[in-house]
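Whole structure, please, built from the sequences with the hints as guidance.
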Amino acid sequence: MISLRRRAVAGGMLWAAVTIILGLAGLSSYTLGATKQRFIDDVTSRHTQVLVAVANYGDNSTALLRSIGDPSYQLPFSGQYWQVANDEGVLFTSPSLVETVLPAPAAVSAEAETTEIRGPNGEQLFSVGQWLTLEDGTNWHVQVASNLGTLDADIINLRQTLLFAFFIICTIGVVGALVQVMLVLQPLNALRADVTRRWDDEDGMQASSYPVEVAPLVDDINTLLKRNQEIIGRSRRQAADLAHAIKTPSAIMRNELAALQTKGVGVSDALTALDTLDAQLKRSFARMRADGTQNAMPVLTDGTETLSRMVRAFTALARNADRTFASDIASDLRVRVDKSDLEEILGNLLDNAVKWSKAHVHISAAQEADRVVIRIEDDGPGIAEEDKPKATQSGQRLDTATPGTGLGLAIVDDLVQAYGGTLTLDRSEEYGGLCVKISLEAARAKRSR
Amino acid sequence: MRILLAEDEPVLADQIRSVMKSEGRVVDVAPNGVEAQFLAETEPYDVIILDIGLPERDGISVLKSLRANGVDTPVLILTARNDWSDRVDGLDAGADDYLAKPFHMPELSARVRAMIRRNVGQTNPVFQKDDVSFDSRNNQVTVNGIPKNLTAQEVAVLSYLFHNSGRLVSRTELSEHIYQFDGDRDSNTIAVFVNRLRKKLGNDLIETVRGRGYVIKAAA
Chain A
1 MISLRRRAVA
11 GGMLWAAVTI
21 ILGLAGLSSY
31 TLGATKQRFI
41 DDVTSRHTQV
51 LVAVANYGDN
61 STALLRSIGD
71 PSYQLPFSGQ
81 YWQVANDEGV
91 LFTSPSLVET
101 VLPAPAAVSA
111 EAETTEIRGP
121 NGEQLFSVGQ
131 WLTLEDGTNW
141 HVQVASNLGT
151 LDADIINLRQ
161 TLLFAFFIIC
171 TIGVVGALVQ
181 VMLVLQPLNA
191 LRADVTRRWD
201 DEDGMQASSY
211 PVEVAPLVDD
221 INTLLKRNQE
231 IIGRSRRQAA
241 DLAHAIKTPS
251 AIMRNELAAL
261 QTKGVGVSDA
271 LTALDTLDAQ
281 LKRSFARMRA
291 DGTQNAMPVL
301 TDGTETLSRM
311 VRAFTALARN
321 ADRTFASDIA
331 SDLRVRVDKS
341 DLEEILGNLL
351 DNAVKWSKAH
361 VHISAAQEAD
371 RVVIRIEDDG
381 PGIAEEDKPK
391 ATQSGQRLDT
401 ATPGTGLGLA
411 IVDDLVQAYG
421 GTLTLDRSEE
431 YGGLCVKISL
441 EAARAKRSR
Chain B
450 MRILLAEDEP
460 VLADQIRSVM
470 KSEGRVVDVA
480 PNGVEAQFLA
490 ETEPYDVIIL
500 DIGLPERDGI
510 SVLKSLRANG
520 VDTPVLILTA
530 RNDWSDRVDG
540 LDAGADDYLA
550 KPFHMPELSA
560 RVRAMIRRNV
570 GQTNPVFQKD
580 DVSFDSRNNQ
590 VTVNGIPKNL
600 TAQEVAVLSY
610 LFHNSGRLVS
620 RTELSEHIYQ
630 FDGDRDSNTI
640 AVFVNRLRKK
650 LGNDLIETVR
660 GRGYVIKAAA
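Protein sequences, first through last, are from chains A and B.
Numbering follows my numbering, in which position 224 of the first sequence is assigned residue number 224; successive positions increment by one, without gaps.
Numbering follows my numbering, in which position 124 of the second sequence is assigned residue number 573; successive positions increment by one, without gaps.
These aren't lab readings, by the way, just hints derived from the structure by calculation.
Watch out, some of these pointers could steer you wrong.
[What the hints assert, rightly or not] The calculated SDA-like cross-link candidates involving lysine to any residue, where the alpha carbons are at most 20 Å apart (straight line), are:
hint	chain 1	residue 1	chain 2	residue 2
1	A	K358	A	T262
2	B	K513	A	T315
3	A	K358	B	N573
4	B	K470	A	T262
5	A	K355	A	T262
6	A	K355	B	S558
7	A	K355	B	T572
[Unchecked claim] Anything over 10 Å on all C-beta distances counts as not near chain A; from chain B, calculated:
hint	residue
8	A544
9	G615
10	T657
We put the beta carbon where it would ideally sit given N, CA and C, even for glycine.
Below is the structure:
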């Protein structure tokens, strides 16, 4: 699809071009016609003037010449000429003709006749001639000619003026079209930007802050976003319900088998199979969660609140394990990660930290530029450099002696990556054990209302 | 030691109950949230094992009400969900520990034991008073290193007194913590158990405060 901007600009330009060309054609045809008509009217009125003069002073050349007093007839070869003739030949000419005469008139006719003729210097002349019969029965031919060159010059001049004017109109039209397109598309551009940041405000986008034409679209987008959230939420709940439905029977089987084992019945194969089943389920559910996350719209979570919740929860768990648990959480942290995913990430990491630490676990979170950086440190054995790549692989357990499915870090890594974040394993400077650093995209600061 | 088990799956509840019983604890089972809350608010339990996915009233709501009503019995939540959100919900609502299903029964026993101990401020699972030693992990009782055979009820009485050593425990309190809800609570039988314990473990271990109850004095 061609972009709206391109369509609007092209449409505007095309429309402007058609309007301007039609306007130019219409206006120039009208003004050209008017200019020509004015020229003809001028020649005709000159002819009438000479005609009247001949009627009055036909027998008196001095009086005739005086009565046709236009100065342009006095200037030699000025381009304005008159000539009076009768059956026998030329009688009077304007002084501008000097010694020359205009071509001989056609046969006697009462009608005025207009022709184009050659002038004394070979120039094109427009001529009006007419036979006049006086009261005494004599026939006079009265002819007036005017240089067509002046008309051509007028027309060229007029065309240039018109073209210049239309060039200016064109420029204004194009600039206007661009400005209009920009103004009209502005709400759409704003919408696009808002969709990118859609959940920066807890209640989505405000339809009322868009023009009425765009507002329904905003409503639709809000609905779709909400539905997307609901679908993911529902599938998560279904997965959780499925997990619930499977795990209780699995626990029952495990207990029955354990009871049989204490009675000396050989059930170790069954127990191993059950372990495999449980691990496989856990892996599948983790995969379902990560897949769901990949399809999810990024949402906004109050990082400080979630982190504080995790801190409260793990304070109890660390106390149970005889560890000290300290935290340093900055206020107003907002991350573009689903809340339950963030809890999954933190839960797995803190669980690992408590499990592996000797005495101390520490969590800190702060905003660094446009990222929220969370560090979880402990005083445990850490992870050897060569084992680090393996640590985030699903099912890889670095120490098979400690219970676990080896999924924790892999789940965390999958989730962090699904949100475009990074997970780094380092040595804790302060505690000497592992320092897991998570960097997640921060949402912009809360809008003050 | 008396435990409230709030679990709606009868088979699993039975399994847990029989394991707990074999370890000398008495268990009341509540199959739904409403009953769990009623029992927890009216009976003096040493530990509450609370499944989150209970019918009628979910575990988290029950836990929140209990804490809001001042019931500070240690609570272990059981969750069958994979999400950390569930566990964090529980811990944030005031649970002391959690266990995810499917769990290993010894793990549950160990957690319950540790919770009971922590609640009374004891760190060592092995209690010692003069010649008598009581290992709360396997209910082994020895006098001068020689194992002694005790009945489940004798263990229950001894365990409760050891866990509360240094504190006077009334017969009523003892009976409340060694009999289950629908059990026959005759506080006179407590005197019978104490006498048997004295015969097996010596007269000096449990002191009688006339008319008030019994005490195992804190080890020097």
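Hints, verified against the model:
no. : hint                 : in the structure
1   : K358(A) with T262(A) : violated, 33 Å
2   : K513(B) with T315(A) : holds, 18 Å
3   : K358(A) with N573(B) : holds, 18 Å
4   : K470(B) with T262(A) : holds, 16 Å
5   : K355(A) with T262(A) : violated, 28 Å
6   : K355(A) with S558(B) : holds, 19 Å
7   : K355(A) with T572(B) : holds, 19 Å
8   : A544                 : violated, 7 Å
9   : G615                 : holds, 22 Å
10  : T657                 : holds, 36 Å
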